[in-house]
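The listed protein sequences correspond, in order, to chains A and B.
According to our numbering, the first sequence is numbered sequentially starting from 730.
According to our numbering, the second sequence is numbered sequentially starting from 3.
Note that these hints are calculated values from the structure, not bench results.
There's no promise every hint is true.
Distance condition first, Cα-Cα at most 30 Å in a straight line; then the derived DSS-like pairs of lysine-lysine [stated by the list, open to error]: (1) LYS185(B) to LYS985(A); (2) LYS144(B) to LYS987(A); (3) LYS955(A) to LYS990(A); (4) LYS933(A) to LYS955(A); (5) LYS786(A) to LYS73(B); (6) LYS1033(A) to LYS185(B); (7) LYS257(B) to LYS1019(A); (8) LYS885(A) to LYS955(A); (9) LYS776(A) to LYS796(A); (10) LYS71(B) to LYS935(A); (11) LYS933(A) to LYS123(B); (12) LYS185(B) to LYS144(B); (13) LYS73(B) to LYS1033(A); (14) LYS951(A) to LYS963(A); (15) LYS73(B) to LYS826(A); (16) LYS949(A) to LYS776(A); (17) LYS936(A) to LYS949(A); (18) LYS949(A) to LYS935(A); (19) LYS885(A) to LYS987(A); (20) LYS1019(A) to LYS144(B); (21) LYS71(B) to LYS1033(A); (22) LYS796(A) to LYS71(B); (23) LYS985(A) to LYS231(B); (24) LYS935(A) to LYS231(B); (25) LYS144(B) to LYS933(A); (26) LYS71(B) to LYS936(A); (27) LYS935(A) to LYS185(B).
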Amino acid sequence: MNCYLGIDIGSISTKGVIVNDQDEIISSCYISTEGSPIEATKRLLNKLEIKDDYIIKGIGTTGSARKIIGLMLDANVVKNEITAHAIGTIHLYPNIKTILEIGGQDSKIIIIRNGIVTDYAMNTLCAAGTGSFLSSQAKRLDINVEDFGNIALKSKTPAKIAARCTVFAESDLVHKAQIGYSKEDIVAGLCKSVVLNYLNNVCKGKKLEEPIIFQGGVSKNKGVHKYFEEILGKEVIVHPNGHLMGAYGIALLAKKNKSNKEYSHKLLDIKFITLGTECHGCSNNCELIKIYKDNELVDTWGSKCGKF
Amino acid sequence: MSRITIGIPKALPYYYLNDFWESFFSNLDVDLVYSCDTNNEIIERGERYANDEMCLSLKVYLGHIDYLKDKCDYLLIPRIEDYGNRNQMCTNFLALYDLVNNLFDVHILNYNISSKEDELKSLIKMGEEIDISEEDIKKAYKKSIKLKTDSKKSDQDNLLIVAHPYVVYDESIGKPIINMLNKYPYNIIYSDCFDAEKCNINGSILSPNLYWKYPKENIGSILMTPNLKGIIFLSSFPCALDSLVNEYIIRKIDKPYLNIIIDNIDSLTGIETRIESFMDIVTQN
């Protein structure tokens, strides 16, 4: 059976899917990146269960580490996550007009008209209101981030928490806890502040037309989903595979761009090492990343002058 | 007596005034020395003097001052207040002289650019500082040229970069981004490639109440670019003027646009993702 591998290596989590010729997901996996995209990809490939009768005809990579993993696996498609998310989503929802996406470090909005991406925006300088913010607040409150949504739904009067900036949100949260707000109300307030923060910082000036879909890791949080619908006054779709949409999209692209090439199942047997050095050839002192595949230097990244 | 050397930092006003400076000082008995292109070392030097509220471009400017301070007798630092009614300047340009004077122990050659003051008179006053006669200054001023640029006409599909020249032409800030864009089959046009006066008028059409000279001229270029396929707004963090003007203009245009704000030039991966995604949109539309 022909199949196509799509891998989305994000800052916090790494997602992988295997898609067949009918564009169905036949295997998927979601793991934590733990700061090492190469190790995460290796663990991911182990968990994906690539069966013996699968013929891998294409590999696509997306996400912030798409280039290095693309090089490691010799991917036939390496594409940014905006395009990958849009392609995956449009395939499942051809009429979709707005994609809200909140991931670990990034949050973005993609505007689609007639099946074509017409506009997008990403959070700029800070990671306020993203998954990593929720995780760190969960730790502070001693709650599993997975339970966040359900706890939030119990609240009737969410605490008002400043949405402009994570740092302010955090001090607000501490104050609210100290004056006696219940955990539910604080958690619900946090979920609401994530939505407000996202709408203020990412969606500014954009028209959010229906149908709207919410995806990325944070879309698993029912509280955030609820407040999106409440604040927008519109229905917001969440797909059970919403967190895999980037990987799915890039797998579809890998299928579209397939050649006659077949990939070996022994993807992991390649020795892949990266070394960080600093070049002192000029006053730029560029940080270089040297990439070795099977002990051979295949590429050097990071030089400004193009010497490498 | 040996000729004096005047140091010109390659940052901020350099990008607007150097054509004039070069021709003006070539008519006088002085030597000019320039700082090198911006590199990581310059930025690090600048950061040592900067405070957290300064924009990246101003930090870079201070780095250039630090680089030049031992290589010349005087540093040329104008104080630019305004160019007349509704042509105000960013306060950084007004503050440059005092800022450097407070932070560094250097000799500064200063003249004022202001609607309240005659430029020539100010230059004559500057001449006194280095013993150049009024006569000589007047002669040099008369001979000096003030270059005007105009766009290269192109029938190709154009991408317009709306940015201050000191951002977009800087070797370490704008250049890496332009290099990324050069991979695509579009002609790149810069907002300062047009006649500044015409840009100023067009800028007022887009935003009648805008009173800053440079942002007004930057956005005016939007109306003057033919075959415009996409606009990239490029600014250095935290530029107060751009943060207001660009956000406002973005809501008034119906072309694909991308807003890039550069703070730390070391992490280009995020910018690369944004540019790739944007170019996908431009190509598909």
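- Structure versus earlier hints - violations, ascending order: 2, 3, 5, 7, 10, 11, 12, 15, 19, 20, 22, 25, 26
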